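K.L.:
Line by line, the protein sequences give chains A, B, C and D.
If you use the numbering used here, the first sequence corresponds to residues 1 to 270, in order.
If you use the numbering used here, the second sequence corresponds to residues 1 to 270, in order.
If you use the numbering used here, the third sequence corresponds to residues 1 to 279, in order.
If you use the numbering used here, the fourth sequence corresponds to residues 1 to 279, in order.
Treat the hints with care, as some may be off.
[Said to hold, decoys possible] Here are a few chain B residues that sit away from chain C, every Cβ distance over 10 Å (derived from the structure):
1. Val79
2. Asp144
3. Val213
[To be verified] Think about it this way: if two alpha-carbon atoms lie no more than 16 Å apart in a straight line, the pair counts; the simulated EDC-like pairs of lysine to aspartate or glutamate are:
4. B:Lys84 with D:Asp156
5. D:Lys132 with A:Asp169
6. C:Lys132 with B:Glu234
7. D:Lys146 with A:Asp128
8. A:Lys84 with C:Glu205
9. D:Lys92 with A:Asp188
10. D:Lys20 with D:Asp46
11. A:Lys84 with C:Glu139
12. C:Lys146 with B:Asp183
[As the list claims (entries may be wrong)] To give an idea of the interface, some chain D residues facing chain B are shown, with a C-beta separation under 10 Å as derived from the structure:
13. Thr117
14. Thr141
15. Gly144
16. Gln149
17. Ala152
18. Ala190
19. Lys191
Because the hints were derived from the structure by calculation, they are not lab data.
Keep in mind it's a predicted model, so treat the numbers as computed, not measured.
Using N, Cα and C, we set each Cβ at its ideal position, and we do this for glycine too.
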Amino acid sequence: MSKSTDYEPIDLIVISLAREINDSESCYTGIAIPSAVVAVQLARMTHAPNLQFFYGGYWINPDLDVDLFTIMTDTEAFVESISKAQGFSHLVQLYQYWEGPKHTLSFGIIRPAQIDQFGNINNSVIGDPHHPKFRFPGGAAAGDIINTCSRVIAYVPRHDVRTFVPEVDFITGRGSSPKWRKDVGLTDYQGIKTVVTDLAILEFHPSSGKMCVRSIHEFSTIDEVQENTGFDLEIPKDIPTTRAPTKEELDILQSKADPLSIRNFDSRNR
Amino acid sequence: MSKSTDYEPIDLIVISLAREINDSESCYTGIAIPSAVVAVQLARMTHAPNLQFFYGGYWINPDLDVDLFTIMTDTEAFVESISKAQGFSHLVQLYQYWEGPKHTLSFGIIRPAQIDQFGNINNSVIGDPHHPKFRFPGGAAAGDIINTCSRVIAYVPRHDVRTFVPEVDFITGRGSSPKWRKDVGLTDYQGIKTVVTDLAILEFHPSSGKMCVRSIHEFSTIDEVQENTGFDLEIPKDIPTTRAPTKEELDILQSKADPLSIRNFDSRNR
Amino acid sequence: MVVIGTIENLVKKVITPDIKISFGGAALFLKPMEVVREIIRQEIKDLIIYTLIGDLDIDLLLGVKAIKELHSSYVGLPMIGMARHFRKAMEKEQSVDFYEWTELSMVRAFQAGAMGTPAIMLRSLLGSDLVKLREDFEEVTYRGMKYIQVPAITPDLAIVHAYAADQNGNVFYPKHHALDEFSTLPAQCAKQLFVSVERMITNEEGRELIQQGQSTMFSSIDVDFVVEAPKGAWPSGFPPFYASDMGHIMTYSGMANMPETFDMYLREYVFGKSQEAVQ
Amino acid sequence: MVVIGTIENLVKKVITPDIKISFGGAALFLKPMEVVREIIRQEIKDLIIYTLIGDLDIDLLLGVKAIKELHSSYVGLPMIGMARHFRKAMEKEQSVDFYEWTELSMVRAFQAGAMGTPAIMLRSLLGSDLVKLREDFEEVTYRGMKYIQVPAITPDLAIVHAYAADQNGNVFYPKHHALDEFSTLPAQCAKQLFVSVERMITNEEGRELIQQGQSTMFSSIDVDFVVEAPKGAWPSGFPPFYASDMGHIMTYSGMANMPETFDMYLREYVFGKSQEAVQ
Numbered sequence: 001m002s003k004s005t006d007y008e009p010i011d012l013i014v015i016s017l018a019r020e021i022n023d024s025e026s027c028y029t030g031i032a033i034p035s036a037v038v039a040v041q042l043a044r045m046t047h048a049p050n051l052q053f054f055y056g057g058y059w060i061n062p063d064l065d066v067d068l069f070t071i072m073t074d075t076e077a078f079v080e081s082i083s084k085a086q087g088f089s090h091l092v093q094l095y096q097y098w099e100g101p102k103h104t105l106s107f108g109i110i111r112p113a114q115i116d117q118f119g120n121i122n123n124s125v126i127g128d129p130h131h132p133k134f135r136f137p138g139g140a141a142a143g144d145i146i147n148t149c150s151r152v153i154a155y156v157p158r159h160d161v162r163t164f165v166p167e168v169d170f171i172t173g174r175g176s177s178p179k180w181r182k183d184v185g186l187t188d189y190q191g192i193k194t195v196v197t198d199l200a201i202l203e204f205h206p207s208s209g210k211m212c213v214r215s216i217h218e219f220s221t222i223d224e225v226q227e228n229t230g231f232d233l234e235i236p237k238d239i240p241t242t243r244a245p246t247k248e249e250l251d252i253l254q255s256k257a258d259p260l261s262i263r264n265f266d267s268r269n270r
Numbered sequence: 001m002s003k004s005t006d007y008e009p010i011d012l013i014v015i016s017l018a019r020e021i022n023d024s025e026s027c028y029t030g031i032a033i034p035s036a037v038v039a040v041q042l043a044r045m046t047h048a049p050n051l052q053f054f055y056g057g058y059w060i061n062p063d064l065d066v067d068l069f070t071i072m073t074d075t076e077a078f079v080e081s082i083s084k085a086q087g088f089s090h091l092v093q094l095y096q097y098w099e100g101p102k103h104t105l106s107f108g109i110i111r112p113a114q115i116d117q118f119g120n121i122n123n124s125v126i127g128d129p130h131h132p133k134f135r136f137p138g139g140a141a142a143g144d145i146i147n148t149c150s151r152v153i154a155y156v157p158r159h160d161v162r163t164f165v166p167e168v169d170f171i172t173g174r175g176s177s178p179k180w181r182k183d184v185g186l187t188d189y190q191g192i193k194t195v196v197t198d199l200a201i202l203e204f205h206p207s208s209g210k211m212c213v214r215s216i217h218e219f220s221t222i223d224e225v226q227e228n229t230g231f232d233l234e235i236p237k238d239i240p241t242t243r244a245p246t247k248e249e250l251d252i253l254q255s256k257a258d259p260l261s262i263r264n265f266d267s268r269n270r
Numbered sequence: 001m002v003v004i005g006t007i008e009n010l011v012k013k014v015i016t017p018d019i020k021i022s023f024g025g026a027a028l029f030l031k032p033m034e035v036v037r038e039i040i041r042q043e044i045k046d047l048i049i050y051t052l053i054g055d056l057d058i059d060l061l062l063g064v065k066a067i068k069e070l071h072s073s074y075v076g077l078p079m080i081g082m083a084r085h086f087r088k089a090m091e092k093e094q095s096v097d098f099y100e101w102t103e104l105s106m107v108r109a110f111q112a113g114a115m116g117t118p119a120i121m122l123r124s125l126l127g128s129d130l131v132k133l134r135e136d137f138e139e140v141t142y143r144g145m146k147y148i149q150v151p152a153i154t155p156d157l158a159i160v161h162a163y164a165a166d167q168n169g170n171v172f173y174p175k176h177h178a179l180d181e182f183s184t185l186p187a188q189c190a191k192q193l194f195v196s197v198e199r200m201i202t203n204e205e206g207r208e209l210i211q212q213g214q215s216t217m218f219s220s221i222d223v224d225f226v227v228e229a230p231k232g233a234w235p236s237g238f239p240p241f242y243a244s245d246m247g248h249i250m251t252y253s254g255m256a257n258m259p260e261t262f263d264m265y266l267r268e269y270v271f272g273k274s275q276e277a278v279q
Numbered sequence: 001m002v003v004i005g006t007i008e009n010l011v012k013k014v015i016t017p018d019i020k021i022s023f024g025g026a027a028l029f030l031k032p033m034e035v036v037r038e039i040i041r042q043e044i045k046d047l048i049i050y051t052l053i054g055d056l057d058i059d060l061l062l063g064v065k066a067i068k069e070l071h072s073s074y075v076g077l078p079m080i081g082m083a084r085h086f087r088k089a090m091e092k093e094q095s096v097d098f099y100e101w102t103e104l105s106m107v108r109a110f111q112a113g114a115m116g117t118p119a120i121m122l123r124s125l126l127g128s129d130l131v132k133l134r135e136d137f138e139e140v141t142y143r144g145m146k147y148i149q150v151p152a153i154t155p156d157l158a159i160v161h162a163y164a165a166d167q168n169g170n171v172f173y174p175k176h177h178a179l180d181e182f183s184t185l186p187a188q189c190a191k192q193l194f195v196s197v198e199r200m201i202t203n204e205e206g207r208e209l210i211q212q213g214q215s216t217m218f219s220s221i222d223v224d225f226v227v228e229a230p231k232g233a234w235p236s237g238f239p240p241f242y243a244s245d246m247g248h249i250m251t252y253s254g255m256a257n258m259p260e261t262f263d264m265y266l267r268e269y270v271f272g273k274s275q276e277a278v279q
């Protein structure tokens, strides 16, 4: 890190994720990837109060004023939240928004263990799947979300060559390739559109589908980003700097959206 | 009718249906075929108090002391019955007992509009299905029950050549043919085992699968049965007479199982 | 986002010719009868209807020739008798394409639609001539066993009647619910959901219902259109609020017998009186 | 007919080697943990387990080598980190056949099992290498569209934890229920159902719960075995009664790291204390 800042990289990750969210969109977040949960609540507390979202497959638009982790882990807050949610769903109803007759969810958020230059993700294994060198926990819904939400936002808490590989060892979920999506009839679902890391924000070239740099964070350099990426990134001439967190964003993040700092689970584990 | 009795033919139909039911079996009855509903409740009120049954896809073992029609049509009885049922089901749970991982229901009861010598039933159409001469209401679950309950009991309120035909115009549900059931892998479901009419009780020969007479009612003759059947019935040498209703059966039927005489809907309509 | 409106306005806006509609309810229970009457009042035609067990809803619509294509496992007046206009439409006028399903196959096709799977295998249809009438029912073999594969049902719109809706569009169902899945099954497979309710309530009242143990039958996010229609299932029943009005249905059955008396029925019970007066 | 018994007796009677079991709950919520501990106490091995999201339940059973074949979409300790014994079993010992599903494909396979359909088509698995590892996942085309067809899951037994059961075997769920379908999905596809409950109640109390608006999660007719196990989901959570015990799960995560400390964990929390003392 070449510059010191008054926030942590994980704060910028969460804030950048939140900025990818537009008001009145619909989405789903799992409960096991902390920064995604925090980012959604931060977006709701700032610019996206009308986000339609399922939390834990149950609450629809849960309490706007309390951090979401508390709802799941504090039984009193759980009961309290029931009277403040806009509605209640059932798990099976949620799955109807993945594949079913209802409208498609606008976006989902995932955390890949490996991602390659075409946006394929691997949350399964490194090495022979039957005799793995490294076994990840598994994709859970990541593969489903890539093929059922209109777009997907990925985040990577630690940008390094272990995560950013030329070709994933195993495709848990198929990438952004527009050609493949056309061939297989999945054009309504664009795959991963954006990858937010602790060094930069990445996106995919609309026709080639290859990963390129959208912006780098104020405390990182383009060399640092390229060094920590296992393949050649497409780098624009003038590289924008990721907009730094505003004081308001940081305040709301720290005091309301994530007072228990559950986002730090993401920087500790991977 | 050659003899006068102190009961109506429909009473003997219902009582004979009830006698086909064994205690502790499991079953389903629809709510639209009155004599089936009454027969099940009569069986529960006499010799089968431990019958496991779904009523209307909702109650499991509903009130043993009230007629079932009242539960569906009297809102106070409906609410009252909730506290007396042994359990509550959901429609979709019921369908898991038709096709699903749970044990097979012991029997179902159906009312065919046409039935042939091999136990095929037609509740659909007479004539060209696209330009029917006569359109029946449709099979509802009759076809499903034949292939998903261990055995099926059929009843025919008016035994005549319009109903008992050599070959049905249209197979709404496939008959008892042991060979066909073996070929298609449905041997767990025997199809129709018994047909109770206002003249006789009929069954199917275990190997040929052809309809034969089990007993004739005390007020009918074998000639009458054969005349009103559109094909040659196998008739045993000594034809048993259907056991007449006992006084207790008649009393319970009239006073408790069906005080509103909904079984008469069956003798009025067909 | 949920649109809340009057039955007149929303029926006019949403229900158009050639629309594929699934109806909630079954067998003289929980039919969206007031919406059916409004469809007749607005003279909307060429409907494609899916209903598990059709009764007065279907017979009325067939009587005014509003249905072009019909899918059901049974159309009749349970306990009472034949559905006159259904028979007439099929036998004499041949004015409707009727597709008969078995009850289970139709339920499975609703469930397949809800899951977004295009077709589903089941066994209970084996041996039935219903399969022969349908190009889209296929006999298939999976791991050596025979099945009939039927296509999913995916209506444009489901119409169901329920108890109450709050201003967000959460739809509530009475505490001791029964028969609710006769309405949720045809609703979950449809692209949009139109709900008539006994009464509109405030969000505050909705929260109180939840506190009292009512369940949400549909969540705000699943609902598209809501109208208030007190006693909107009548003459079909809505336990525990009101029973099926068997007397009225017998009256209907008699009046449906001849065109003159059916016209009288329509004038009296569909066009003639305001909704309040009927009930 | 429902059999009500002690956890010791019924686990011994029902859970045998090579049995295919689906677990209710997911992701540190509503896992049948006391039954898992009893399986370990009785040293039952060679289990075939299906669970949507595996966590401590799976990691404990893998730690004592009780699982022979495992189906799940994810095995880890959500928020906290890797499941140590899962990694060890896969990477070093290769002592378990693990079949990774996606969450949706596993849900659809549970639903297919419940419906008695042998396989089901879905699209979200398209392009995934998970398909290549499975002979029983097939790419199929229906009406010109590509799908992956996965086989139904049909376990011999489902084990779930719930709130209360009456003497008929009706199983109740708290009024403001959440997450219940994480348990009903794996239950409805199984041939038999084993339920542990926070408390046994009388039929009279069951009726009172219904009057108060509780819903029956499973009906008597669907339930085969019932045992009482107060706080039986601990340390997974059962809102609104108790939260996931994240502190304990972190302790576990540390102690699972080495064989010696894992033995201490087992002595302390599985074998060492009576059920009451743990909670």
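K.L.:
Quick check: which numbered hints come out false for this structure?
P.N.:
Of the numbered hints given earlier, those the structure breaks are 1, 2, 4, 6, 7, 9, 11, 14, 15 and 16, listed in rising order.
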